[in-house]
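Q: Using the sequences and the hints given, assemble the complete structure.
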Amino acid sequence: MKPALPAVLAISVLTLSACSVPTAPQAVSSLDTLLPHPTGRSSATQVNSGPGVSLGVIYSPGTQANRQYLREYQAKAGTGFGQSLLVQPIHDAYVASSSPDRAVEWVNASLQRQFGSVTVYPDMQSLRAAKPDVVAIVDTRSQLITSRSSDIRADVSADFYDAQLNYIGTAKGSQARELTPVWADFKRSEEIVADINQQEELQLAALREFDRSLSNLVVRPGEKVSMLEGKPAQKLY
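Throughout the sequence shown, residue numbering follows mature numbering (1 follows the signal peptide of the UniProt record, and there is no 0), covering -20 to -1, 1 to 217 in sequence.
Calculated from the structure, these hints are not laboratory results. One or more of the hints may lead you astray.
Computed cross-link-like contacts, EDC-like style, restricted to lysine to aspartate or glutamate with a CA-CA straight-line distance of at most 20 Å [stated by the list, open to error]:
(1) LYS152 with GLU180
(2) LYS152 with ASP142
(3) LYS56 with GLU180
(4) LYS56 with ASP72
(5) LYS152 with GLU181
(6) LYS152 with ASP81
(7) LYS56 with ASP142
(8) LYS152 with GLU189
Please read these numbers as outputs of a predicted model, since none were measured by experiment.
A: What follows is the structure, encoded as structure tokens:
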């Protein structure tokens, strides 16, 4: 005789609720810890890019904390959530939706498409010594399902500065969603997996929004539009 489905759900719910699930780190301002003094505002309204422009990248403390949070979340999905008790598709969904490197790898690839060289530096001192043409402070944050909340969120941003660390602008993407509790006793395992998968879908949506914002912020050589008699001149390629 096949075991009743509610029993499977009960095991999943009990395991998820009883374990210690990592909570999302608090948002921390990038400027508070990375820049030694208040920054000015650049006269530029867009970021120069192209094959001849070097970009220096620093990951914010929030990004480092977020990656550690995702590592712990992923590890708990393999052990702390009770790997032997959760059905495999639920376990796999937790792991797939909590990749620690998804956001930074995506952002790095997006920046490499825009700039001639992209170098990630371990600290601001190293970056300033290298003197890149443009500086970006990348900040990422995720909020995933826990035993206490089914509100999920993904934020990613890059604050851009010129060579003198004057602020130019920010490219960002942000998505949030409120789910029904995954541990609700009326849900089938397929529905639970679909809910958990929304965490990954939300992160990808925020990253695509970041790409659109980045495209609007950067300008490549030959793309500046001059104004003549109130009409835009043709772009030269």
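Q: Determine for every hint whether it applies to the structure shown.
A: Here's how the hints hold up against the structure:
1. LYS152 with GLU180: Roughly 18 Å between the alpha carbons, so the hint for LYS152 and GLU180 holds.
2. LYS152 with ASP142: Roughly 18 Å between the alpha carbons, so the hint for LYS152 and ASP142 holds.
3. LYS56 with GLU180: 17 Å, holds
4. LYS56 with ASP72: Distance of about 12 Å is within 20 Å: holds.
5. LYS152 with GLU181: 17 Å, holds
6. LYS152 with ASP81: Status holds; Cα separation ~17 Å.
7. LYS56 with ASP142: 41 Å, violated
8. LYS152 with GLU189: 7 Å, holds
Checked against the numbered hints above, the structure violates only hint 7.
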